[in-house]
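Undergrad: The residues making up each chain are set out below.
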Amino acid sequence: MPDVIAADGTIRNDNWVLVARPADGDSLDIPAGQSALIPADLWLAGHEHFAGRDDIGVWFDSHDEPELLAGKVNELPLIAVNFPRFVDGRGYSIARLLRERFGYSGELRAVGDVLLDQLQFMKRCGFDSYVLRADKDITKAARCLNFFSQAYQAATDTDQPLFRRRAS
Amino acid sequence: MYVYDEHDRQIAAERVAQFRDQTERALAGELAEEEFLPLRLQNGLYVQRLAPMLRICVPYGMLRSDQLRRLARITRDYDKGYAHFTTRTNIQLNWPNLEDVPDILAELAEVEMHANQTSGNCIRNTTTDQFSGVQADEIADPRPYCEIIRQWSTFHPEFAFLPRKFKVAVNASEQTDRAAIQVHDIGLQLVRNDQGELGFRVHVGGGLGRTPMVAPVIREFLPELDLLTYLEAVLRVYNRYGRRDNKFKARIKILVKALTPEGFAEKVEAEWEHIRTSPTRLTPEAIGKFQGYFTEPAYQTLENATDELSKQRFENREFDKWLTYNVGEHKKPGYACVTLTLKKTGTPPGDVTDYQLEQIAELADQFSFGEVRATHEQNVVLADVRQDQLFELWQRMIPLGFATANLNTLTDVICCPGGDFCALANAKSIPVAEAIQRRFDDLDYLYDLGPIDLNISGCMNACGHHHVGNIGVLGVDKKGEEFYQVSLGGDSHHNATIGKILGPSFARDQMPQVIAKLIDVYVEKRTEEETFLDTYRRVGLEPFKERVYA
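Sequences listed follow chains G and D, in order. All letters in the first sequence, in the order written, are residues 1 to 168 by UniProt numbering. All letters in the second sequence, in the order written, are residues 1 to 550 by UniProt numbering.
Here chain G stands alone, though its shape is the one from the complex (with noise of 0.2 Å):
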């Protein structure tokens, strides 16, 4: 059960669970009664057993393209996105064309290697829940979250940049 972060920094806990892809010739698995994220083209490859339900979600990893499920985004409570490595950027370009572009309007999580720092980078891009890596001080999140009161450019959290809220 991971302790989550919300995008104003309060923590709770859900059960959601996100399952790894599995090995050449396995098949997933599932754990029965939890709800799961599972790789997104298996949920695709899967769309007329997995649509609609409400327990099931889709994970992807850094290096996956968001189009592969343009036009369906909204057909899932939940999509997660790895971050394999910290310094791996790709992430916030994913989570920018999964709300801006294809206009999923459902719960984005960060997962991975997901640290206090870069917290308010993945609020701007759109994400708004975070599972910190286990090590890291969740109390400080908060903080984290809420260095900056305004931001020079638009991106997912305001289309407004600095340059039109300024009055002229």
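These aren't lab readings, by the way, just hints derived from the structure by calculation. One thing to keep in mind: the hints can contain errors.
Simulated restraints on C-beta separations [as the list claims (entries may be wrong)]:
(1) G/R166 x D/G540: 54 to 60 Å
(2) D/E33 x G/D3: 23 to 29 Å
(3) G/T158 x D/F221: 29 to 35 Å
(4) G/L42 x D/E30: 43 to 49 Å
(5) G/T158 x D/E34: 41 to 47 Å
None of the values given here were measured: they were computed from a predicted structure. Every residue gets a Cβ at the ideal spot worked out from N, C-alpha and C, and that includes glycine.
Given chain G's structure and the hints, the job is docking chain D onto it.
TA: Here is chain D on its own, set in the frame of chain G:
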């Protein structure tokens, strides 16, 4: 010059508080070294050979006198009383204490300065022509666009963890390129289209380092209002598809080459199509507002001081030389652009003491509306000097060491800090520069040789821009010993060219002699009008090679 408003001040203050918090957590052991690394790098903080090094941002090279005075004070209070102008028009401190850095940042924020994104795998300081706004031939002043890019790229949430560093440069003149835009990740050339509309020719995928490349054009004309949406498209394609498996293949130039410029451009255009009308699209009002910060200073109506200068030249040969080499034309009659050379033999290129920084501030206040510009050749420019005050300025500069009349000559060396300071370096660079400067100490001979770019880097990372030096020198490590590889024919200007390697590398003590032989070949082969580069282009590498390895 740009002046912070309440938004900029708030963001700067919040940034200081954030970095203070990050530093405290790092010192308390809550952040592992590899976790703190990108955080401190994005704040310009390296851990170097002898001490941390702090790289302070000088956006597109512009500095005010109050900022120079604050920098001088910081070097005294937190460092050893000197600083270093870099080839990215930034300023480095070589000896700060890690725990003092948040206080230094707070002091910088008070004068509207910072160290944001001066290192790390993010969008770095945008650079431009040091003579912006004072050249008759510029299409438009590039600085408003540089400031627009600075603000857009500052803490951009999507592009804080790119595959590798990312550098943008803007050039405004049709005749010349003093910003070396074609060896940048993105090079923007201001242009007007057939309808007279302002925009940019966009080059992507140039760079130095291990695999030097000249950037191809991926869009001939980008309307100015589309600047940021297009940059966002380029960066998104790079962030998604740039290589992350090999640090040496992670720059955007490798992606552009792999996809071909046409293939890369297609991907960018497809991405751009989705976002070109988003609110990130600039407005004429917004551009106008930024342009309002870069208006002309209060010039007086003057005539060119031709007669007076002629007389002074005639009476003083040293002044004549300085005027010829270190002073350039200005768009306003009666004014001139003056370059203070930080290349006095015996001082590492680009180094200045606290006293010199304060004196530059004094000179700026007295002679040039209180502003200066740093150049990527590691000099400082007073851009708005009255011609009738040049003689007085020159006399003031001599004892300060800024009047060495060697601008653009062989001894106006571009040189990185090298193995004396930098942990990345394979070899020292400063002693090589100095030995060459000592060997060529006759100014008249240097003038006879004409313009020669000599660029020295202590390692493959090419902070000294060795690939685009007419003569480039690269420090290499061979089994623990320092050697130097020489290349010829590099050019950072409109005909950007990567130099060719001459042959096997040399020991450090051979270097002045090697350079002397190269110069001898040029002197023997040149026609009357040819520069070193012209002669090289005509006769090729062979004659130089034969002489040096004879």
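Undergrad: Confirm or reject each hint.
TA: Consistency of the hints with the structure:
{"no.": "1", "hint": "G/R166 x D/G540: 54 to 60 Å", "in the structure": "55 Å, holds"}
{"no.": "2", "hint": "D/E33 x G/D3: 23 to 29 Å", "in the structure": "26 Å, holds"}
{"no.": "3", "hint": "G/T158 x D/F221: 29 to 35 Å", "in the structure": "30 Å, holds"}
{"no.": "4", "hint": "G/L42 x D/E30: 43 to 49 Å", "in the structure": "37 Å, violated"}
{"no.": "5", "hint": "G/T158 x D/E34: 41 to 47 Å", "in the structure": "32 Å, violated"}
Against the hints set out earlier in the document, violations occur for numbers 4 and 5.
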